[in-house]
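Engineer: The listed protein sequences correspond, in order, to chains A and B.
Count the first sequence with our numbering and you get residues 401 to 928, in order.
Count the second sequence with our numbering and you get residues 25 to 342, in order.
Derived from the structure by calculation, the hints contain no laboratory data.
Mixed in with the good hints, there may be bad ones.
Derived coverage of chain A by chain B (criterion: at least 3 residues anywhere in the stretch with Cβ under 8 angstroms from a Cβ of chain B; other residues may be distant) [said to hold, decoys possible]: (1) 412-425; (2) 469-478; (3) 482-489; (4) 548-558; (5) 588-600; (6) 835-843.
Remember, predicted model here, so these are calculated numbers, not experimental data.
Glycine included, C-beta positions come from ideal geometry on N, C-alpha and C.
Spelled out, the chains give:
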Amino acid sequence: MIALRDVSFGYAGTERPALSRVNLEFLPGEFSLVCGATGSGKSTLLRILNGLAPHFTGGSLSGSLIVDGQDVTGSKPHELASQVGFVNQQPESSFVSDTVKQELVYGMEQLGFTREKMADSLKQVAKLLEIEPLLDRPLSWLSGGQQQRVAIASALAAGQRILLLDEPTSALDPEAAAEIVGVLKSLAHEHGITVILVEHRIERVIELVDSVVIVANDGLVTKGGYEQFENYHLVPPVIGLSTELSWNPITVSVPEARSNWAKNPKSWTPLVNEHLSETVAMEVGNLCVSYDDLEAVSDVSFQVHTGEVVALMGKNGSGKSSVLWAIQGGGKRTSGSVKTQFGDPKSLSADERLCVLTLVPQKAADLLFLNSLADELSESDKFAQLTESGTSKIFESLTGRLDPKIHPRDLSAGQQLALVLALQLIKGAGILLLDEPTRGLDYAAKKSLAKQIRALRKEGKSVLVASHDVEFVALVADRVLEIAGGKLVSDKSATAALGVGSAHPTQISQITGEPGLLTLSQVEGASR
Amino acid sequence: MARQFTASKASPVSWWLLAITMAIVAGVSQSALTQIVICLSALVAILIFREEAPWSRSVKFYLFLAGFVVIARVLFRIVFNIQNPEDTTALDLPGFSVNLGFGPPVELFGAVGIQALTGGATDGLRLAAIILSIGMASSLANPRTLLKSTPSALYEIASAISVAINLAPQMISSLQRVQKARSLRGRSKGLGSMAGTVIPVLEDAIDSSLSLAASMDSRGFGRRGDLSKSLVLGARLSSLIAVAFLSIGSFALLVGQTQVLGWALIAVGIVASFATIRINSKSQIRTRFEPVKLQFFDAVLFALSAALLTAAILGWFA
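With the rest of the complex left out, here is chain B:
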């Protein structure tokens, strides 16, 4: 605990914001170098800021998933090889032609070009970068405090998301326990044991999410104070519109073809968010003991996210 800079120096919101920005950049970028830089920075961030906590145990899982995606993508390109006469051959494998009985025959293997390989690797790396960015946030930020620090306007949606985020680390730790227990029965692994592993793991994950939800509810979470039913419904609707329009709008901007539409959608989203906040502030139902103070570290993460996002919108990564 002697280390000074740990993940909890920043709010979980900052970590998730940075992660989502990194994922967006990975999504729009065509260059393998950018993807590799994102993968590495996510890993470095995890290594530097990681704390000893249950939710940080999932790193291995994300790493495995990322590696698997890259390898699978490259293998796919080698097996289902589309010949390109302009490409320089890197791997000259004997080709097969499989007749499926319908449509044209499927060509397997054959001479694999450099472009095909690097293309496959870049595709895989893009997914890996997205996976590792999300992995970074979920192993650095406590999913439960994320729930606490969400503005009350987005409470309902945030609670669903938080419970979902909480599932992954919980499932990974149950999986480890069940597999260890299962090894006690001897027997080599088979399909039957797969099903047998899934059930207790899911049972655990659902139990733990429900018990968290029950505990939050028992302590007053979800209270709507003296707001009328129709106002509550209105707040929910407008928060939904806000989230949907803001995300579709930013997507339109990032894709880059419909700038006007993108800004228009974002404008509607902003209006809807203000409406939500307005409705919710009509009744003071929740208070805060310690107001969220944004730390210096948060500011750094925010600035980083903003810079990355601007660069992505301006098309620097394309």
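With the rest of the complex left out, here is chain A:
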């Protein structure tokens, strides 16, 4: 259906090829997952398949691309548009129209379909993606999941049989993501479409895919076995458990793992936070935020203790970010109070707030503005009036030593986050607010962030982290608050919120069915 023969790809100005000597073939109706660490070239691989690389990205390509038995090497994306559909990470950035219907027919208009044919295909594809009731709606009214459905539908409307998707679920909450992945599976298995998906959160899709393509950092690409994951630190919990307990063959499906565990359960240790104190570090009372007519946050009250990590979970648009910004004082707060040791952050100046609490926004890199790591670190020392290199000490404790001459924009997403944490903590803030810190992080970076947060907790810092990444929350949180439609709907311990029978059980709790067992690290003998 679509194949790469001996393909190598390199960007200008880099010595190391992004991809080297790739040979891959995808069959009709195959649902394939492409994964690899951040920056490994998996998005490049996807873009080669429809000509976006090198035509949009630059770089040089050798080898050949074969679609439907034809050698189409060197074709531009619009020449492959009738055969290959492409879906981006953020659907709203790729929309061309105002309404759903207009968006769906856009591709067909470009390809010169007749009006009757368009009406026909429109009906079919809307039915396929179950978006018939949305056809006349403006695109900006849709939820994230609905937008992604529309983006998929418009990539397939002209009858394309190959669908490429670049992290389509990264901006979605778990429910919406699961729905989209289910849709992709049925497109492949029931309708024979070749679906090739780049995805970070392997646990969301691993059970459903037919094949796995792994792109290593050295540009080598392999297709096939799950054993590969271990070597590349791409370990979703189910595979981690499987390798730790030496199940042979390696299990990727939760039901299978469940029966394996039932046959031979291991002992495990419950989660305890030995650093938690009785002191309340922050008390949020009756917090309300409204924008014009919209009530984004209504009457939210909770406490965070010293040395406690609290996760704020909820769907996209449920008000998580608004809560964090309202607490920090820089965002809008309609009413309500926040009590800390030094008073309400809202009444403090921006500089004074940094001694009390600090917020790391979704795009942490926005906070970096100097030209080298060394400049950022020394500017921060100067700001905090330290003579010693205090900031680099924090930074190194989080991520290890790095070349001081490196430009902050060249750091990986995980390293940027660590740098921002170091800069923001230099004034000694005891409360840390994190807004969706795991977006764009691979497993290794997520694990390292979790370690950093636990180290900060040990120092007695209190952390409030907004996230919808269940597995990450299970690694760090002591308590989970759930927010829906701006209201606090539950406040439970992490084991109750993410354990067996809860709304978002972790993979390990789904497998083991043991109340109180959430993560792999709790299992006896596990190295992690």
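Since the structure of chain A is provided, determine the placement of chain B on it from the hints.
Structural biologist: Positioned in the frame of chain A, the structure of chain B alone reads:
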């Protein structure tokens, strides 16, 4: 959403046409009153027809820019004051004479005349009127649908323009986000932070434009069907000639001194547009699902633009 008359009742082309006509009128008119009327109508149009959409968030920015231009122009006249003995003094400031070491000394401040002040204000208002007219179009019309509703003859040029138009609102929303984030680091604002703001904002804007362009290309935009390369080149060339001659021609007419030349240039432009359409229609490469139906509202905007343009050509605003 209960309001009946919103910007999307008319096609984006109509809004841009009206905006450009208003800008032309502002450009040729010498009267402060006309400029004020244009500024006000642009603002009123924005207030009445505005919709809740990402591209309508840029209004504040255009308003700020317009205000800044007027104030700057007037201040300029006060600081670099050219004395006019016939003018009635409005502001009697002490004058300075600065010797730069070359040329005659520069006179600063001094008695500022009424004419100098109103002249400065009119100049500033003219620019403000142009800025607000463009601001009106870019906050009322979705830049992306503008791209869709452009005739295929002008596709290449239109796509470049659309991506450029799309940059401004995108940059404004990124700017807001980056500034909000930057406030988290404390620190009073300085030059260093300026540079630090510009980079992420530009990065965002370029990323978003590229990702839009990539998405359009992946869906078949830019296909040239079975036209030969030389014909495609011919179509591009003639569309370029059409746009260039039509705009230079209308400029010549508006300036008013070379009527014959103006009409001649416009005639060439019209011929070139027909040639472009002719070449492009040789291969049916694009179709439309819903033909563009011009609404009643479009007709109103068209008529308004035509009336304004005719009046400008006839010299009513001079």
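Engineer: Decide, hint by hint, whether the structure agrees.
Structural biologist: Consistency of the hints with the structure:
Under a criterion of three residues with beta carbons nearer than 8 angstroms to beta carbons of chain B, the stated coverage of the stretch 412-425 of chain A fails, only 0 such residues being counted. For the stretch 469-478 of chain A, the assignment as covered by chain B holds, since 3 residues bring a beta-carbon within under 8 angstroms of that chain's beta-carbons and 3 suffice. Evaluation of the coverage hint for the stretch 482-489 of chain A: fulfilled, as 5 residues show C-beta separations to chain B shorter than 8 angstroms, against a requirement of three. Under the rule that three or more residues need a Cβ within less than 8 angstroms of chain B, the assignment of the stretch 548-558 of chain A holds, with 3 such residues.
Counting residues of the stretch 588-600 of chain A whose C-beta lies closer than 8 angstroms to any C-beta of chain B gives 0; at least three are required, and the coverage claim is violated. Taking a C-beta to C-beta cut-off of 8 angstroms, the stretch 835-843 of chain A contributes 0 residues in contact with chain B, too few for the three needed, and the coverage statement is violated.
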